[in-house]
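Whenever a hint applies, use it, and build me the whole structure from the sequences.
One-letter residues, chain by chain:
Protein chains: 2
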Amino acid sequence: MTEELLQKGHLAKEASRKLACIDTQTKNNALLKIAEALILHTEKILSANALDLQAAEEKGTRPAMLDRLKLTPERILAMADGVKKVVALPDPIGEITKAWDRPNGLKLSSVRVPIGVIAIIYEARPNVTVDAAALCLKSGNVTLLRGGSEAIHSNIALMEIMQEAAYAAGIPEGSLNLIADTARETAVELMKLNGIVDLLIPRGGAKLIQSVVQNATVPIIETAAGNCHVYVDSPCDTDMAVSIVTNAKVQRPSVCNAAETLLIHKEIAPVFLPEITKVLREKKVELRGCPLCRSIIPNIFPATEDDWETEYNDYILAVKIVENVSDAIAHINRYNTGHSEAIITTDDTHAEQFLNEVDAAAVYVNASTRFTDGFEFGFGAEIGISTQKIHARGPMGLEQLTSVKYLVRGTGQVRG
Amino acid sequence: MTEELLQKGHLAKEASRKLACIDTQTKNNALLKIAEALILHTEKILSANALDLQAAEEKGTRPAMLDRLKLTPERILAMADGVKKVVALPDPIGEITKAWDRPNGLKLSSVRVPIGVIAIIYEARPNVTVDAAALCLKSGNVTLLRGGSEAIHSNIALMEIMQEAAYAAGIPEGSLNLIADTARETAVELMKLNGIVDLLIPRGGAKLIQSVVQNATVPIIETAAGNCHVYVDSPCDTDMAVSIVTNAKVQRPSVCNAAETLLIHKEIAPVFLPEITKVLREKKVELRGCPLCRSIIPNIFPATEDDWETEYNDYILAVKIVENVSDAIAHINRYNTGHSEAIITTDDTHAEQFLNEVDAAAVYVNASTRFTDGFEFGFGAEIGISTQKIHARGPMGLEQLTSVKYLVRGTGQVRG
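Protein sequences appear in the order of chains A and B. All residue numbers for the first sequence refer to the working numbering, where the first residue is 144 and numbers rise by one. All residue numbers for the second sequence refer to the working numbering, where the first residue is 144 and numbers rise by one.
It is possible that some hints are incorrect.
No copy is singled out in the list; a pair is fine if it fits within one copy or between any two copies.
[Said to hold, decoys possible] Each computed EDC-like pair below joins lysine to aspartate or glutamate, with the alpha-carbon atoms no more than 20 Å apart: (1) Lys-250 x Glu-519; (2) Lys-350 x Glu-452; (3) Lys-161 x Asp-470; (4) Lys-213 x Glu-266; (5) Lys-228 x Glu-179; (6) Lys-250 x Asp-516; (7) Lys-241 x Glu-542; (8) Lys-241 x Glu-495; (9) Lys-421 x Glu-542; (10) Lys-250 x Asp-491; (11) Lys-427 x Glu-328; (12) Lys-161 x Glu-500; (13) Lys-250 x Glu-495; (14) Lys-161 x Glu-495; (15) Lys-250 x Asp-490.
Source of the hints: derived by calculation from the structure; they are not laboratory data.
Below, the structure written as structure tokens:
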């Protein structure tokens with residue numbers, strides 16, 4: 144175990160007892176001070192970021208990745224604004240979620256408490272450092288952040304600025320932590336820090352998520368793999384179907400709630416497939432279809448088993464013609480990752496069957512899968528989208544960063 | 144991967160899609176049929192149990208363990224009664240936990256759904272086979288049970304009887320499963336059955352729990368380790384304190400919510416320690432105390448660091464004299480396992496500080512820790528007591544065996 148991890152871990156655990164008891168006003172004030180400090184120290188952040196960018200350029204990093212890494216005064220302003228928005232959200236801590244009495248006179252209640260120490264392992268984007276710290280602080284959780292090596296100078300600068308501002312504003316020391324050691328082995332040690340880490344959330348690509356699933360012995364929440372489907376039923380409003388399929392595929396193909404497979408009812412396919420093919424090809428989307436699709440439009444690439452399983456995150460869409468809504472549901476439940484699934488239909492019975500039987504975090508009728516998002520759901524924030532079924536499913540806001548504690552008030556009761 | 148595990152796993156996953164849509168009446172009727180069948184097939188169960196008992200006796204198993212393994216007509220009746228009680232509990236599935244509209248016209252709701260496939264790894268007691276199956280069935284979850292080798296004949300008989308009764312009553316085949324292969328390697332494979340097992344709950348001793356924590360790659364809920372404390376404050380009602388400490392220690396020392404360490408305020412110790420020592424020694428409890436304790440009662444055994452950490456599950460109690468409530472809280476937060484903690488006090492400020500600052504699933508004022516239990520809390524059932532902070536904390540009833548799904552109804556909305 145590295146010295147840094149062990150030391151920060153123990154201080155984090157200690158701090159978590161104190162932070163759990165800090166009032167909303169102190170937390171909000173600290174968040175405002177953090178927002179101010181980020182803007183005030185723009186120069187420091189940009190200098191650190193320049194070191195990261197230089198190293199990345201020397202390594203021949205792709206322009207898209209460089210752009211994710213790059214900070215500008217505008218982006219720093221946007222991070223600070225993000226922190227201010229967290230101030231405006233209601234504090235979930237201390238909420239009494241239930242209160243009841245027992246026949247023996249015991250008075251029970253369950254109250255929302257922080258989870259404790261939340262570790263987050265993430266990749267290149269330095270804005271996650273600020274986002275995650277703000278959401279955890281507001282929900283009374285201590286953060287133990289481990290960002291990628293590409294952004295290490297930026298992350299250290301951001302963390303120093305946040306720590307200074309927060310601790311001066313009454314937040315217990317040790318509440319905000321960044322693991323500066325970016326070795327892979329250290330990340331694996333963090334995944335096994337039982338007794339200190341109460342929850343680990345990975346934020347990044349499939350490889351990172353898989354490494355966490357395989358290695359972690361602390362509780363985790365799996366996030367973000369999204370093999371999402373849109374099913375165009377018969378009968379449906381085909382104009383609406385074109386609009387939704389196009390939006391779900393091309394509005395932002397790189398994200399987890401973008402559509403990867405289009406399913407089409409066989410009766411509507413002869414009309415709908417040519418129409419959607421024309422629109423998507425204009426948007427530079429490559430289609431890969433089942434044999435039935437290719438009997439309608441021969442120059443569609445053939446789809447293989449792999450295509451049904453793949454989250455392209457790109458301008459590619461797999462297309463399959465299905466018998467009916469039950470067939471569509473069976474395909475989805477076989478291949479999906481439990482993220483977001485949509486049906487386009489004008490038949491209420493089909494809509495209800497789809498809502499009931501599809502196994503996913505979010506199931507849509509006549510709307511784009513792109514809405515699965517903490518902000519679009521109205522949660523005001525998001526630390527990730529859970530694709531597992533325990534603790535939190537779908538977009539995770541502040542409430543999903545809490546646990547409960549049972550308080551029991553008696554007058555001398557003993558068990559008989 | 145063993146053939147049996149893979150085959151049952153896949154059928155379980157398929158069945159979980161169907162069982163999720165089965166109505167309450169069908170599930171309740173199946174549970175009643177299971178209860179009837181258990182009684183009807185008492186002879187079959189007892190014959191199978193006799194094989195387990197014989198094997199255990201030949202291996203020289205301790206009488207206490209033999210007793211846990213043994214079934215009698217009365218115990219079978221009690222199991223059947225337990226199943227009938229689950230019928231009377233409200234079905235959590237389908238409950239709309241929240242519904243709201245967004246400014247763009249999307250109508251959102253979150254609805255309770257089953258978790259899916261729940262694996263349970265447990266030790267000798269065959270009644271867990273029936274308990275767990277009944278609770279999972281009522282909450283729409285498919286069970287994948289893996290009991291200990293000691294009870295394998297009993298478990299197979301119980302499972303066959305339950306399957307026959309349930310499937311004849313309309314429960315989808317594959318909803319109730321027992322892994323007959325009791326090899327340790329098979330249990331480890333079950334812990335890594337990602338994509339099939341949605342949640343794994345270990346029920347058993349510390350060794351089993353640790354094996355699951357270390358090996359599992361599927362989501363788990365840690366249960367049942369309980370290093371529980373009672374803190375006797377100054378001022379307090381010392382008669383009440385004697386009654387509660389005695390109850391928490393000796394009413395059933397082998398269980399996870401029994402007290403393991405007694406903390407006493409230094410001002411009350413000279414009076415209280417001799418009093419409680421007398422009572423506990425009459426009950427055959429061995430005390431192990433800090434140096435201050437031994438300065439009051441010299442013939443108390445000295446406590447070591449180990450004693451503060453140990454869950455004895457036996458007639459032993461560690462005793463420590465503390466400065467004040469803050470000192471007691473610090474000791475508890477350092478050594479406890481997050482289960483159940485109690486303060487005995489007549490000072491409301493101390494009580495509130497204890498409730499707020501102690502980090503545990505259940506925190507008590509003037510009552511015994513022994514009440515941390517699904518039945519005592521009024522949940523009507525219990526599948527275990529969670530000592531982790533995500534998904535469920537404390538006693539887990541039917542509600543804790545559910546997940547949520549977001550349903551989103553639109554009229555053609557796309558994201559801008």
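Can you tell me if Lys-250 and Glu-519 fall within 20 Å by alpha carbon in one copy, between copies, both or neither?
between (39 Å within a copy, 12 Å between copies)
What label fits Lys-161 with Glu-495 when the C-alpha limit is 20 Å: within, between, both, or neither?
between (48 Å within a copy, 15 Å between copies)
Within, between, both or neither: Lys-250, Asp-490 at alpha-carbon 20 Å:
Classified as between: cross-chain Cα gap 17 Å, same-chain 49 Å, threshold 20 Å.
Homo-oligomer pair classification [Glu-542, Lys-421; C-alpha up to 20 Å]:
So Lys-421 and Glu-542 fail the 20 Å test inside a copy (44 Å) and across (48 Å) alike.
Between copies, within a copy, both or neither: which fits Lys-250 and Glu-495 at Cα up to 20 Å?
between (41 Å within a copy, 14 Å between copies)
Classify it for me, Lys-161 with Glu-500: is the Cα-Cα distance of at most 20 Å met within a copy, between copies, both or neither?
Answer is between; shortest inter-copy Cα gap is 8 Å, intra-copy 45 Å.
Using 20 Å as the alpha carbon limit, work out where Lys-241 and Glu-495 are close: within a copy, between copies, both or neither.
between (31 Å within a copy, 18 Å between copies)
Go through the copies and call it for Lys-228 and Glu-179: within, between, both or neither, with a Cα cutoff of 20 Å.
within (13 Å within a copy, 58 Å between copies)
Homo-oligomer pair classification [Glu-452, Lys-350; C-alpha up to 20 Å]
Result: close within a single copy only, 16 Å intra versus 38 Å inter.
Up to 20 Å between alpha-carbons, please classify Lys-161 paired with Asp-470: within, between, both or neither.
Between copies only: 14 Å across, 54 Å inside.
Alpha-carbon proximity context of Lys-427 and Glu-328, limit 20 Å
So Lys-427 and Glu-328 fail the 20 Å test inside a copy (41 Å) and across (50 Å) alike.
Up to 20 Å between alpha-carbons, please classify Lys-250 paired with Asp-516: within, between, both or neither.
This pair counts as between: shortest inter-copy Cα distance 15 Å, intra-copy 38 Å.
Checked against the numbered hints given earlier, this structure breaks hints 9, 11; the rest are met.
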